[in-house]
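Could you put together the complete structure from these sequences and hints?
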Amino acid sequence: MSDLPVAGEGLYAAWQNLRAEQPHLRARDAAAQLGVSEGELTASRLAVDAVRLRADWAALLPALGELGQVMALTRNESCVHERKGVYREVTIAGNGQMGLVVSPDIDLRLFLSGWASAFAVVEQTPRGVLRSVQVFDHQGAAVHKVYLTDHSELAAWEPLVAGFRDEQQSAELALKPMPEPAAVQPDEAIDGESLRAGWAALKDTHHFFALLKNHGANRTQALRLAGRGWAEPLAPDALPGLFERAAAAEVPIMVFVGNRHCIQIHTGPVSNLKWMDTWFNVLDPQFNLHLKANDVHTLWRVRKPSADGVITSWEAFDANGELILQLFGARKPGVPERDDWRRLAEQTPALSA
Numbered sequence: 001m002s003d004l005p006v007a008g009e010g011l012y013a014a015w016q017n018l019r020a021e022q023p024h025l026r027a028r029d030a031a032a033q034l035g036v037s038e039g040e041l042t043a044s045r046l047a048v049d050a051v052r053l054r055a056d057w058a059a060l061l062p063a064l065g066e067l068g069q070v071m072a073l074t075r076n077e078s079c080v081h082e083r084k085g086v087y088r089e090v091t092i093a094g095n096g097q098m099g100l101v102v103s104p105d106i107d108l109r110l111f112l113s114g115w116a117s118a119f120a121v122v123e124q125t126p127r128g129v130l131r132s133v134q135v136f137d138h139q140g141a142a143v144h145k146v147y148l149t150d151h152s153e154l155a156a157w158e159p160l161v162a163g164f165r166d167e168q169q170s171a172e173l174a175l176k177p178m179p180e181p182a183a184v185q186p187d188e189a190i191d192g193e194s195l196r197a198g199w200a201a202l203k204d205t206h207h208f209f210a211l212l213k214n215h216g217a218n219r220t221q222a223l224r225l226a227g228r229g230w231a232e233p234l235a236p237d238a239l240p241g242l243f244e245r246a247a248a249a250e251v252p253i254m255v256f257v258g259n260r261h262c263i264q265i266h267t268g269p270v271s272n273l274k275w276m277d278t279w280f281n282v283l284d285p286q287f288n289l290h291l292k293a294n295d296v297h298t299l300w301r302v303r304k305p306s307a308d309g310v311i312t313s314w315e316a317f318d319a320n321g322e323l324i325l326q327l328f329g330a331r332k333p334g335v336p337e338r339d340d341w342r343r344l345a346e347q348t349p350a351l352s353a
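Going by this note's numbering, the residue at position 24 of the sequence shown is 24; the numbering climbs one at a time, nothing skipped.
In short, the hints are calculated from the structure, not lab data.
This structure is a prediction, so every number in the text was calculated from the model and none was measured.
Glycine is no exception: its CB is placed at the ideal position from the N, C-alpha and C atoms.
Any given hint might turn out to be false.
Said to hold, decoys possible - For lysine to aspartate or glutamate, the following EDC-like pairs were computed, each having C-alpha atoms within a straight-line distance of at most 16 Å: (1) K292 - D340; (2) K176 - D308; (3) K176 - E38; (4) K203 - D308.
Unchecked claim - Simulated restraints, written as ranges between beta carbons of each label pair: (5) V184 - D237: 41 to 47 Å; (6) S103 - H206: 16 to 22 Å; (7) Q97 - E158: 44 to 50 Å; (8) N95 - H297: 44 to 50 Å; (9) H206 - E244: 28 to 34 Å; (10) D49 - G227: 51 to 57 Å; (11) A210 - N95: 31 to 37 Å.
Structural data, given as structure tokens:
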């Protein structure tokens, strides 16, 4: 923890001092060193290089389409998902709590009740001016970011910022404490037989969350109790190998990465795979993934029945049981799973019981 001043107007100055010492320090890591949230750090930039935007998600999200090609970024503690494309086909549920962006390039599931604040940031970097819209939750954690690219409609930036500029350019975020996590029941308190019967009766993979809720089980607990026909543990270090085999065989995959308030999906092939220290990376022109490989504590091969046949995924979790990422074969609803994906997903031997 830094001993630099972090309150009020001193926060921005403290950050700049830290940047002078560590020029390559990212905002997320700087916030951690300064003992504040990334949202608070971003709010300290008001009147410098940031503008607070109105939290009108139903209007702001469709308006992002006017920027043309952008790079959408969603991350959790262990994985960063970056996808280039255009914001199209934005749908906000009637109650404003849920949203979807469903297009071939940018594909998002949005849990908007957790979205709290947004900022437009124009930052000078060694690579030039970087423009972004950054969204934070009620705890000040980054939920989703949208960056302009060399192919964006630059002329649309200023009108968008002006149109959504909040009348109150306040750095006060009114942060709330993190909600208490749900209590985890012991395995013996779960009706395993009923859970397995409900699993076998699934007709849609989207019903899986309801299955967990109905049985009071968390995700990794359900995987342990499901039986090896439905879920098998794999060696955690096997995950990069699946990416490598998919790349070599040119099998298109779906890569899901999310946090509590946003899930971002890439559908398509992967090809340029690189290790950088302990990070495993996909560095393709339209899709980048940065995985902190050592954070994968458990890895599971999961099979779920559906009206289209069995759907196979790989699911990686951290030491706290939080989902890091999911991999599926590329498919659309109503279409059976790809045979080439299933062969790849089933090749890796499960850990012994």
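Task: A210 versus N95 beta-carbon gap, inside 31 to 37 Å or not - done: 18 Å, violated
TODO: Mind checking the alpha carbons of K176 and D308 for me, to see if they're no more than 16 Å apart?
DONE: Answer violated: K176 to D308 is near 42 Å, above 16 Å.
TODO: Could you grab the alpha-carbon distance between K203 and D308 and see if it respects the 16 Å cut-off?
DONE: Holds - the C-alpha atoms of D308 and K203 are around 8 Å apart, at most 16 Å.
Task: 41 to 47 Å as the expected CB spacing between D237 and V184, which holds or is violated - done: Hint violated: Cβ distance 26 Å, outside 41 to 47 Å.
Task: Beta-carbon spacing of Q97 to E158 - inside the hinted bounds 44 to 50 Å or not - done: 31 Å, violated
- [ ] For the pair we were handed, K176 and E38, check the Cα-Cα distance against 16 Å.
- [x] Holds, at roughly 14 Å.
Open item on the list: 16 to 22 Å was suggested as the range; check whether the CB atoms of S103 and H206 agree with it.
Closed with: 19 Å, holds
Task: Satisfaction of the hinted span 28 to 34 Å by the C-beta atoms belonging to H206 and E244 - done: At roughly 29 Å between Cβ atoms, E244 and H206 fall inside 28 to 34 Å, so the hint holds.
TODO: Sort out whether D340 lies within 16 Å of K292, counting only the CA atoms.
DONE: Not satisfied, since the Cα-Cα distance of roughly 27 Å exceeds 16 Å.
Open item on the list: 44 to 50 Å was suggested as the range; check whether the CB atoms of N95 and H297 agree with it.
Closed with: 36 Å, violated
Open item on the list: Quick check: does the Cβ-Cβ distance between D49 and G227 fall within 51 to 57 Å?
Closed with: Hint holds: Cβ distance 54 Å, inside 51 to 57 Å.
Checked against the numbered hints given earlier, the structure breaks hints 1, 2, 5, 7, 8, 11 and satisfies all the rest.
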